[in-house]
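Peer 1: Protein sequence lines correspond, in order, to chains B and Y. Using the numbering used here, you'd call the opening residue of the first sequence number 87 and step up by one each time. Using the numbering used here, you'd call the opening residue of the second sequence number 87 and step up by one each time.
Incorrect hints may appear among the rest.
Given that identical chains are not distinguished, each listed pair holds provided it fits within a single copy or across any two copies.
Distance condition first, Cα-Cα at most 30 Å in a straight line; then the derived DSSO-like pairs of lysine-lysine [stated by the list, open to error]:
id	residue 1	residue 2
1	K510	K116
2	K215	K116
3	K207	K220
4	K215	K191
The hints are simulated quantities; they were obtained by calculation from the structure and are not laboratory data.
Protein chains: 2
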Amino acid sequence: MSANRNETPNWLKQRAFLTPNRLAIRYEGKNYSFLDLHQLVEKRARQLHQIDIKRGDTVGLLMKNSLEMVINIHALMYLGAVNVLLNTRLTAEELLWQINDANIKCVICDDELSVHFPGKKVMTLSELKLCDEKEAALDDSFILDDVATIMYTSGTTGKPKGVQQTFGNHWWSAIGSVLNLGLKDGDCWLLAVPLFHISGLSILMRSVIYGIGIVLHSSFSAKEANRAIKNEGVTIASVVTAMLNDMLQELGSDTYPKSFRCMLLGGGPAPRPILEQCREKEIPVFQTYGMTETCSQIATLAPEFCFSKLGSAGKPLFPAQIRIVADGRDCSPNEEGEIVVKGPNVTPGYLHRPDATNEAIRDGWFYTGDLGYLDEEGFLYVLDRRSDLIVSGGENIYPAEVEAVILSHPSVKDVGVVGKENKKWGKVPHAFVVRSEEVSEEELRQFCLKKLAKYKVPKGFTFVESLPRNASKKLLRRKLKEWL
Amino acid sequence: MSANRNETPNWLKQRAFLTPNRLAIRYEGKNYSFLDLHQLVEKRARQLHQIDIKRGDTVGLLMKNSLEMVINIHALMYLGAVNVLLNTRLTAEELLWQINDANIKCVICDDELSVHFPGKKVMTLSELKLCDEKEAALDDSFILDDVATIMYTSGTTGKPKGVQQTFGNHWWSAIGSVLNLGLKDGDCWLLAVPLFHISGLSILMRSVIYGIGIVLHSSFSAKEANRAIKNEGVTIASVVTAMLNDMLQELGSDTYPKSFRCMLLGGGPAPRPILEQCREKEIPVFQTYGMTETCSQIATLAPEFCFSKLGSAGKPLFPAQIRIVADGRDCSPNEEGEIVVKGPNVTPGYLHRPDATNEAIRDGWFYTGDLGYLDEEGFLYVLDRRSDLIVSGGENIYPAEVEAVILSHPSVKDVGVVGKENKKWGKVPHAFVVRSEEVSEEELRQFCLKKLAKYKVPKGFTFVESLPRNASKKLLRRKLKEWL
């Protein structure tokens with residue numbers, strides 16, 4: 087009977103049966119029910135089968151958010167093929183590396199993203215849509231241990247690694263989230279983050295598992311996001327701080343409807359001024375910690391703790407556990423160490439990388455490489471990604487801490503801090519600052535000296551127009567280091 | 087990594103960590119948080135360990151609903167021991183049979199239920215509470231494939247069978263339910279059905295998995311149930327038709343608060359007059375189909391369909407599937423056959439009964455022995471328990487159908503129909519009727535003739551004071567047959 091437990095009905099198909107008329111997706115002003123979507127997906131699956139996509143094949147998707155991308159993701163699942171979600175911002179060379187690494191059989195791409203990959207089949211969306219249909223056996227159920235999707239993460243060093251995400255990882259991630267955030271009649275999730283990142287894909291998976299609608303945006307626009315919340319019934323939105331900041335500015339003196347119940351904030355803790363603005367406007371902010379390897383959130387901070395536990399990412403989701411480990415032992419409360427997590431949402435490992443997998447996953451625990459601590463009550467504080475740690479004269483400096491201070495200056499709009507080589511100290515912190523109004527380097531330095539130990543204050547400030555962020559708006563520190 | 091997927095944190099312990107201050111149980115006017123309950127359970131687990139209860143032991147609980155019973159159930163789970171939930175209405179002889187069948191090491195019982203079972207250790211609650219504590223290794227996590235609880239079902243014929251319910255069965259049952267019913271801040275579930283039945287135990291499991299409170303009643307009282315809904319924040323209640331009927335009568339012209347969002351009705355479809363009363367009072371009735379072997383509901387009818395799909399038990403829960411099978415093939419829509427179900431909430435089988443297990447579970451599908459059909463849209467209609475089928479002159483008569491008609495007569499309060507031996511026809515239906523006001527046999531016969539094919543109309547009516555129902559208020563047809 088354990089076979090039963092390792093199986094669920096095909097999610098979208100089950101939704102098309104159980105709740106056929108509910109909204110599945112709103113895209114470019116049109117509504118698609120679960121039944122509509124299922125029918126579009128069945129057709130697409132047969133078209134994909136016509137170009138010889140079948141069970142076990144690995145297919146790359148090089149697409150921007152669109153209804154068509156959603157259809158392709160589901161259709162590949164119906165066929166039992168594995169989705170490799172390719173980041174549309176990569177260079178052709180970077181993409182080719184991933185395509186070869188994942189042994190991709192075919193790349194499906196938006197017409198304008200079409201690239202020639204030597205020795206690989208590439209099909210544009212326009213071509214695919216013209217394909218005939220070929221009868222195919224479509225999956226009525228999913229095996230939870232099967233790999234559903236693969237996403238590459240650059241990791242700390244070396245070549246990107248393909249993170250394998252099973253149907254079970256997506257399932258448990260969605261279940262862990264629902265046990266924390268609840269589920270209400272009429273819930274609707276704004277999807278304005280990339281589907282090729284886990285932040286976006288996880289919303290799509292929740293939609294079919296919960297039977298709730300999504301409002302899909304092809305790219306993020308603060309104005310459109312606010313309109314979706316104010317006028318289109320969105321009750322939950324996934325954002326990062328930079329998006330939330332833009333949305334608050336665009337919102338001006340306006341507010342969101344009472345039915346908007348969750349602003350799910352990823353990509354690091356929010357600075358206090360933003361939380362204060364949200365409190366004024368009664369926007370409930372849930373700060374989260376998660377990564378590609380945990381298939382989205384693994385910890386979340388409930389809004390009632392956002393000031394009393396400022397900077398925390400909260401407690402683990404119900405099916406998950408978190409430990410802090412240093413020198414092979416569990417840390418005491420408030421003692422820093424590596425964040426180590428466990429749960430059925432955690433990847434079984436990296437594609438073709440047994441060494442990296444065994445390094446990251448030991449005794450069922452995933453070693454994130456991130457630094458943090460748990461307070462006495464078990465709230466998680468993420469200090470920094472290990473690779474970003476600035477070691478200066480034997481002291482540890484966490485860029486996020488320095489950035490939070492600089493960002494709290496009223497004239498600063500955005501900031502990124504990285505370590506700069508220094509003969510005397512090894513490394514010293516250096517800040518790249520985007521200003522909202524005039525402010526001098528000396529003013530900022532004095533401001534920092536008031537709030538930070540001297541060794542943590544950046545030795546240099548560079549004023550820039552904008553910071554390098556990836557499609558999820560996460561700061562790309564590697565780029566900043568190149569700028570140095 | 088599949089080990090991860092087969093494991094969850096210990097549910098109550100995780101709740102005591104994640105949401106320590108939320109209400110876990112309200113009992114006899116006192117509130118207990120998840121942390122309170124966890125601490126009581128830890129103490130009890132150590133007391134149980136003192137009397138030599140340890141991992142893998144099988145322990146009988148012979149108790150009526152109480153906080154102490156809840157504590158014992160959790161404490162046995164913390165120790166890795168298996169709970170056998172004994173029905174307090176059984177005779178000592180019937181109990182002894184189950185105790186021997188399950189190879190029970192010790193029976194914990196309410197003081198007033200204490201019985202001597204030859205060769206078996208029996209401990210009253212009073213004795214247990216006086217035990218010293220002995221340090222014990224308490225489980226931080228549960229293995230989903232492990233058996234958590236055993237409940238005996240009488241089945242259609244022969245000796246009762248022990249239904250094994252794994253942690254995974256309880257988990258998936260709770261998850262299937264939450265994906266259907268949703269989960270809101272402040273949800274609170276009325277538990278006024280027996281904890282020794284799956285209807286009651288499943289509420290307890292949901293409470294710790296969802297992190298919601300329960301209001302626990304030692305036995306059902308319509309007045310107390312209504313008070314809990316009106317004044318104590320109950321938002322969901324589990325009932326059977328007889329309970330709901332009493333509650334409606336007790337409620338009189340009063341109504342429930344808007345926050346009361348779900349009346350979960352098991353034990354067979356509700357008659358139209360009751361549904362109409364509920365509609366008037368805006369009580370959302372969710373009719374369900376389930377059994378001990380499916381660890382509670384496996385299908386549920388949403389309130390919006392309660393009239394358009396009158397008599398239906400709805401569609402399967404998200405992780406489950408339902409088929410109708412006759413002569414080894416799948417039936418067409420509206421064609422009657424045996425109800426066959428699949429899902430991770432389905433028992434791995436009967437204790438020590440490989441034959442019965444292999445008979446009931448084939449290719450991962452559980453053959454319920456119940457008769458029913460699916461309509462064109464996939465809504466399930468349960469016609470009857472197979473054992474209750476009345477075959478009369480080659481025609482099939484389903485008692486539930488006849489009962490629903492008689493119950494719709496304004497002078498009838500309760501009714502049970504069984505087959506009576508008849509030389510000519512094999513069997514004929516016979517009705518036992520509880521009247522709310524004067525009505526003659528002839529009047530009822532004429533009433534039925536208007537609504538039923540002649541062969542379905544009972545050949546005899548017996549007026550009685552009350553009907554035999556079990557602790558879950560389910561009609562005991564076997565008893566009625568004895569009355570004939």
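Peer 1: Each hint needs a verdict: does it hold in this structure or not?
Peer 2: Hint check results:
1. K510 with K116: neither (61 Å within a copy, 65 Å between copies)
2. K215 with K116: within (19 Å within a copy, 64 Å between copies)
3. K207 with K220: within (19 Å within a copy, 67 Å between copies)
4. K215 with K191: within (18 Å within a copy, 66 Å between copies)
Violated hint for the displayed structure: number 1, the only one.
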